[in-house]
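Undergrad: Listed below are the residues making up each chain.
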Amino acid sequence: MRHAVIVLLALTVGFAVPPAAQAGEAIKLGMAAAISGGSAASGEAIKRGLTIAMDEVNARGGLLGGRKLELVIRDDEGNPAKGVTIARELIEREKVVATFGGLHSTVALAQVPVWHELKSPYMGVWAAGTNITRNGQNPNYVFRVSANDDYADKLLVRYTVDTLKKTKPGLLIENTAWGQSNEAGLTKWLGEKKVKNVGIEKFNWNDPDMSPQLLRLKNAGADVVILVGNAPEAAQVVKSQAKIGWTVPMVSHWGVSGGRFAELTGELSDGVVFFQTYSFFGKQNERGQHVLKALKDKYGVKGPEEITAPVGVANAYDGLHLVALAIQQAGSTEGPKVRDALENLKVEYRGLIKNYKPPFTSEQHDALTDEDYVLVVWRGGKILPLAMK
Amino acid sequence: MIVQLVVAGLALGSMYGLVALGYHITWVTSRTMNFAQGTAVMAGAVVAYGCYVGLGWPLVPSLVVTLLALALYGVLIERIAVYRFFRAASPAWLLSTIACGIIAENAAMLAFGKDARAFPSALTQKPILIGGAGFYPQELLIPAVGLVLVGVVQLFYHRTSYGKQLKAVAWNAEAASLMGIHIPRAVMFAYGLSAVLAAVAGVLLAPVLNVSATMGTIIGLKAFAVAIIGGLTSAPGIIVAGLGYGVTESLVAGYLSTGAREIVGFGLVILVLIVRPWGLLGARPARRV
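Protein chains in written order, with this note's numbering: chain B, 1 to 389; chain H, 390 to 678.
No lab work stands behind these hints, which were simulated from the structure alone.
Backbone N, C-alpha and C define an ideal beta-carbon position, used for all residues, glycine too.
Where hints are given, some of them may not hold.
Straight-line alpha carbon distances no greater than 25 Å define the calculated DSS-like cross-link-like pairs of lysine-lysine that follow [unchecked claim]: (1) B:K202 / B:K188; (2) H:K503 / B:K382; (3) H:K556 / B:K202; (4) B:K166 / B:K193; (5) B:K382 / H:K515; (6) B:K47 / B:K82; (7) H:K503 / B:K82; (8) B:K382 / B:K296; (9) H:K503 / B:K218; (10) B:K47 / H:K503; (11) B:K165 / B:K196.
Pairwise CB distance ranges, derived in the manner of DEER restraints [what the hints assert, rightly or not]: (12) H:F655 / B:G245: 44 to 50 Å; (13) B:A177 / H:R673: 44 to 50 Å; (14) H:L529 / B:K283: 46 to 52 Å; (15) B:Q137 / H:R473: 55 to 61 Å.
Model the full assembly from the supplied sequences, consistent with the hints where possible.
TA: Right under this line is the structure:
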């Protein structure tokens, strides 16, 4: 009985102490991403980007008077239901201040209501679904340093129509919610350019042969193919394209950057144009050099060609720094205050991907837009920057 | 365009036929089959990938090891998941073979990961153009090997003594047993052979489809559809149905839409089940009066 009283007392005292008074206690940040299964590489890349940035913040003495950052990682397995469970667990049990997301748009969309209900900021660093940030919530707890399908489609259309001067695009799109989101985006932006697609073809995951779809686009007179798909299916697409001896250019959403696209296609991948939010090839700014060095020292990555899923690393790196700045500005770890600070960040963050000034506003929760994406091309099994215009 | 579609259809169709033949072989000897036949396709491709790419062995030893490993896989399935139910005339093999397949698929995912990998083949490097249609030589090799194998299996059943014994088991197990034929061994052999045929399909398809832990699922399912359409008791029926199914699929995808492909394909299965439940060339069960 006496023990119980002591425990109870201790608990009461523990709760009574305001959070700010607990100096020295680590500030926990959550990471909810796929770290197993087919997309495990994306989770690993995000973890690396977050860790490198976190080490920098901690080396400078942490936040809020010396409190170090600590990362709590949970696996969403690419499964929306699991994603919702771990989102709650991270906030309610682990008491994380903010959470970084993973690759799957389906998971990110399912989690949106949780962030709002529990008033905890979410920083998307991969999943590109348009409605993740444009979710109709007010105040909006969802932020993103990554691509947004809407901007991505705008960029793909601009490159196709303005740079390549193609006027008869054929769309080849995977038969999923992600594909649908892009079908809408591409149609919208092609419409802005007064260009009409000559056909929209769909394919399913694991489809073996894409020649029927390609033949239909070919017969419809397509002079370019805009592709929305992930690596395994995109590989079948370029293989089938070579097979039917059709040589129109292929412009792709960034699905071809993941997985083993180059390995699956060999030299057929050459010339496929897509985009990234960041490229570690070419001249790097100071942060770029630092991140490359950290990747080498910490993970044995010898150079940019060895970074699997570079966008995950870069987005997560900048995302973490932005959250750290927001916590510092808010002077608090409370969700609503950190959220407000993210939306009104006073300091300019000279980041890896760009100078964020400011990253977010109350209307704009995507820090990156099509102006920031880099067009790249597969060449000899490597992702190289493509000089536009 | 039509040549293109027909050749692609024949290539895939002949593989459906080959895998479906596996259902036929075990069905006629034991009235059971391995519902996870698709995983044998996958296992064949994965083992071949492991030997050929992973360990860097030359092609021929890799193939020999693959076929032996898959024969063993078939026998194991029979021992673990079929034999006792076959003896007890219980339909529990239906579930137990599916369970084995799921275990095999997940084991492959653990060992191999979920990513698809490229299986290098000299025959998928450069497409050849014939009459405006392009093919990878591999796509021509697939139906050729498929049809030759079907011929070999047919010869084995009709011309060799052991093949005739197996046929006898199929006709009347009790009588065959009385004639001194070892039934358990015959069933084991059938399962081994059936897995080997699936493995051949897996290895042939690997350069075209890439290797992944889930590559066999759909093929196994469609092969089952083919076996039903052709008639589980008729090897020639199954081959005809396989080729027909592959070509139909390809033409529907090419001229209608890829969305309509599975609808038409599996619609055919329902139609056959209603009109000719014993399959196109299957033996019509005698009516007892």
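Undergrad: Give a verdict on every hint.
TA: Comparing the hints with the structure gives:
{"no.": "1", "hint": "B:K202 / B:K188", "verdict": "18 Å, holds"}
{"no.": "2", "hint": "H:K503 / B:K382", "verdict": "22 Å, holds"}
{"no.": "3", "hint": "H:K556 / B:K202", "verdict": "46 Å, violated"}
{"no.": "4", "hint": "B:K166 / B:K193", "verdict": "11 Å, holds"}
{"no.": "5", "hint": "B:K382 / H:K515", "verdict": "21 Å, holds"}
{"no.": "6", "hint": "B:K47 / B:K82", "verdict": "19 Å, holds"}
{"no.": "7", "hint": "H:K503 / B:K82", "verdict": "19 Å, holds"}
{"no.": "8", "hint": "B:K382 / B:K296", "verdict": "19 Å, holds"}
{"no.": "9", "hint": "H:K503 / B:K218", "verdict": "32 Å, violated"}
{"no.": "10", "hint": "B:K47 / H:K503", "verdict": "20 Å, holds"}
{"no.": "11", "hint": "B:K165 / B:K196", "verdict": "13 Å, holds"}
{"no.": "12", "hint": "H:F655 / B:G245: 44 to 50 Å", "verdict": "32 Å, violated"}
{"no.": "13", "hint": "B:A177 / H:R673: 44 to 50 Å", "verdict": "47 Å, holds"}
{"no.": "14", "hint": "H:L529 / B:K283: 46 to 52 Å", "verdict": "49 Å, holds"}
{"no.": "15", "hint": "B:Q137 / H:R473: 55 to 61 Å", "verdict": "58 Å, holds"}
Violated hints, listed in ascending order, are 3, 9, 12; each of the other numbered hints is respected by the structure.
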